[in-house]
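The primary structure of each chain is shown beneath.
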Amino acid sequence: MSTILIEKEEPVTEAAETEMELSPWLAELRDEVAAHPGVNHLLLSRLRTGRYTKGDYRVFGLQHYPMVGTFTRYMELLLLRAPSSEQKLWLAKVLVDEYGEGSDGEDHASLYLKYLYSMGVEPGEEESTPLCTAVWEFIGNHLRICREEPFLVGLGALGPGHEWAIPKMFHKIIPGLERAGMSYEDRLYFDLHTEQDIDHANWMSEALEQLGQDDEARAQVRRGALLSLGARFRFWTGIERCVVARRQPHSVDAVRRGLLGRRRPDREESPGNRQELFQAIQDNWSGKDWPVRLPSDTELLEVSQ
Amino acid sequence: MRILLVQPAPFECGRIGLENALWMSEPGALTAIAACVEDEHEVRIIDMRLEEADALPRVLSSFKPDLVGVTCMTTDAYQAQAVLHCAKSILGEQVFTLLGGHHPTLVPGEHDYEYIDAICIGEGEDTFTELVAHLAGGGDPKDLHAIDGLAFRSGDTQIQTSKRSQARELDTFPAPARHLLDAYKGQYFFASAMNMAAIQTSRGCAFDCNFCAIWEFYEKKVRFLSSKAIADRMEECEEPFIFFLDDNFLTRPKRLEELCDEIERRNIKKYWMIQGRTDFVVENPELMKRMRDCGLMMVLSGFETNDAGTLESLKKDNTRENNLKAAKLLNDLSIITTGIFMAHPDFEAQDFEDLYAAINEMKITIPLVVIHMPLPGTQSWRENKDRLLTEDARFFDLLHAVVPTKLPRREFYERYAAWNESTEASIDSSLSMRFMARRPRLMMAMRPGMKLFGERREVLRKALNDPENYLRDEDEIIGELPIAAQRASESAVRETEGVTA
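For the protein sequence lines, the chains are H and S, in the order given. Just so you know, we're using the numbering used here here: the first sequence kicks off at 1 and counts up by one. Just so you know, we're using the numbering used here here: the second sequence kicks off at 306 and counts up by one.
These are computed hints drawn from the structure, not numbers from a lab. It cannot be assumed that every hint is accurate.
Covered by chain H, according to a simulated footprint, are these stretches of chain S (three or more residues, beta-carbon under 8 Å) [said to hold, decoys possible]: (1) 376 to 390; (2) 443 to 451; (3) 474 to 484; (4) 756 to 768.
Even for Gly, the Cβ is constructed at its ideal location relative to N, Cα and C.
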């Protein structure tokens with residue numbers, strides 16, 4: 001086995017030289033985000049060190065895909081609640097980018113579909129695949145944060161919680177995609193997010209610098225980031241279970257958890273596919289309850305404690 | 306210095322595997338090296354087999370260790386790498402990452418990654434102590450040339466320092482720092498023997514079976530802990546059960562007589578489990594009885610096969626007759642037998658039937674049928690390298706055929722997956738009322754763990770009994786052609802293209 005490919009990798013610097021200089025409280029928050037279990041979930045390191053195949057990434061992608069179409073929805077919800085035109089402008093800049101500007105006319109969803117199809121996903125499968133509870137939870141949590149929490153909590157969730165976290169997470173995913181045989185073109189969505197989101201992060205940082213003038217405001221931003229990352233951690237755990245369950249539907253993990261005294265059913269029912277998820281988002285907008293029980297704030301925050 | 310030692314989980318959560326469900330012992334390698342440095346440094350151990358996935362990043366963020374060390378065998382090699390990758394990801398370059406254990410020792414080249422600062426080759430205590438002293442003293446983490454027993458990156462190549470001698474008397478090592486596992490107390494087990502401690506009383510094996518790498522790891526030398534030291538450690542254990550981790554406990558009868566003397570003299574009341582060979586059992590029936598009276602409750606033996614010719618080809622240096630006699634003797638003594646048998650990739654349908662019938666005839670209490678495979682670092686691996694269908698470390702788990710099977714793979718796995726059901730008779734006839742009535746106190750001691758073991762066993766059986774599980778695992782990874790042949794064919798294509806160009 002000494003012939004296994006040995007990679008010589010570049011250290012993960014994430015184009016740090018392009019990131020804007022932050023005030024101490026934001027720098028501290030950035031470090032907290034960088035060290036958060038949601039950003040450093042073992043699945044991400046496993047993708048990096050393990051031998052996952054295209055079939056495994058196909059399962060991963062089908063569960064991850066719904067997130068692509070919902071980020072703009074969170075932004076739109078937050079935009080409605082932005083207290084000033086200046087803040088609306090910052091959000092709008094990110095939104096325009098998310099709609100596809102700068103991606104040769106292809107929005108993020110089309111780029112992601114390209115990735116899915118390169119792994120053998122049949123057209124339509126991305127709509128009909130049952131999604132795990134963790135996906136519904138993640139999206140439901142963010143809709144709630146952007147609608148119900150104070151504006152700065154929402155900004156914390158989408159700014160530090162997303163824009164700072166995503167490049168770091170995707171840097172870990174990309175080498176695994178390469179190892180599984182995916183070309184740069186096929187995985188462009190991921191590569192793009194390690195570059196483009198640096199700009200988003202800077203725009204967000206600029207906004208946060210101006211808005212985080214007192215301790216209360218800063219605490220709200222931090223709370224939003226930690227709520228989002230707590231949800232992210234649960235999301236990766238759910239995705240990992242789906243990837244493993246593809247090959248091993250009888251979860252031995254249930255046994256392990258039995259040992260730990262934290263029992264979990266061998267299998268869980270999917271709350272629905274992507275079409276049903278987007279219908280639920282519409283219904284939620286019209287005032288209907290989210291169909292999946294959402295973890296409490298305490299559950300999300302304790303991930304990092 | 307702050308030091309974090311990590312036992313990785315063997316598989317991704319949920320993946321099939323014998324570990325977790327049948328047997329989980331303390332991470333003895335970690336408590337052993339921790340003991341060497343804990344007086345001067347702050348050391349923590351985290352066992353990821355018993356933790357949720359968020360535990361590692363949480364501990365890394367809050368404890369902020371200066372050194373993270375991980376041990377691994379073969380199947381958990383990628384998990385161990387993931388732990389170190391996660392450590393670098395959270396703590397950056399200032400954390401020193403160290404990998405040790407069986408697999409990195411035998412194939413260090415497979416762990417040459419930028420997130421692994423050094424690999425400990427062979428026995429860890431002295432190498433680890435010197436490395437920690439070097440780093441704590443402000444030594445250059447990139448200049449480790451003066452420390453024997455390490456492999457590390459120097460420029461573009463991985464270099465190895467001088468071989469670390471493995472001759473130190475075991476009694477001179479400090480007792481393992483088992484107190485660092487207090488958070489996991491009561492969670493280690495073998496079958497229904499819950500709340501189990503682990504002690505290693507010897508290292509190495511004098512035999513040279515070609516499918517095993519233990520004797521190569523220890524360079525065919527065997528060293529023993531004195532009976533007094535073993536008894537001291539047994540007395541220190543609060544747990545009612547002890548697993549002796551020795552790869553071959555049953556050797557040197559005089560040593561074992563002395564141990565029984567100590568146990569009797571000190572009136573130690575523990576139930577203990579060992580791994581040992583059947584020939585020793587047959588040759589020392591009185592000693593086996595005496596050990597039973599001193600608490601021996603289970604012997605795990607590699608019976609390997611029901612076929613004399615195969616035993617010879619494995620260089621087992623044992624006989625089928627010994628296996629039969631040992632099984633009977635252990636049953637008569639009411640000592641639980643755990644028998645490991647191998648299904649060979651070149652098995653035909655009848656071979657499976659014969660193996661299961663032989664197991665039932667032997668009345669093994671806990672039969673385990675695994676798939677014979679050339680494990681990395683063994684003689685068998687070197688001989689079969691060209692036949693390997695995969696080099697993916699996860700598949701060297703004794704549950705997958707990593708070389709071509711004689712039967713079509715589906716049929717091979719269908720017949721293999723039947724072992725659980727097909728050897729039920731063995732368990733039933735071994736665990737007779739007579740067997741249990743003779744050891745009522747042992748049965749009472751195991752009672753609390755029986756319900757949980759029953760549940761674990763049920764889930765494991767669902768996974769193991771389904772042939773599709775094995776086939777799904779192989780999907781996209783194991784093809785029809787061995788890796789060596791695939792590479793040769795790719796290289797020929799390249800050459801042809803080169804000529805054409």
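Hint check:
1. 376 to 390: The restraint on the stretch 376 to 390 of chain S holds, since 6 of its residues have a Cβ under 8 Å from chain H and three suffice.
2. 443 to 451: violated (count 0)
3. 474 to 484: Not satisfied, violated; 0 residues make the cut.
4. 756 to 768: holds (count 7)
In summary, the numbered hints that this structure violates are 2, 3.
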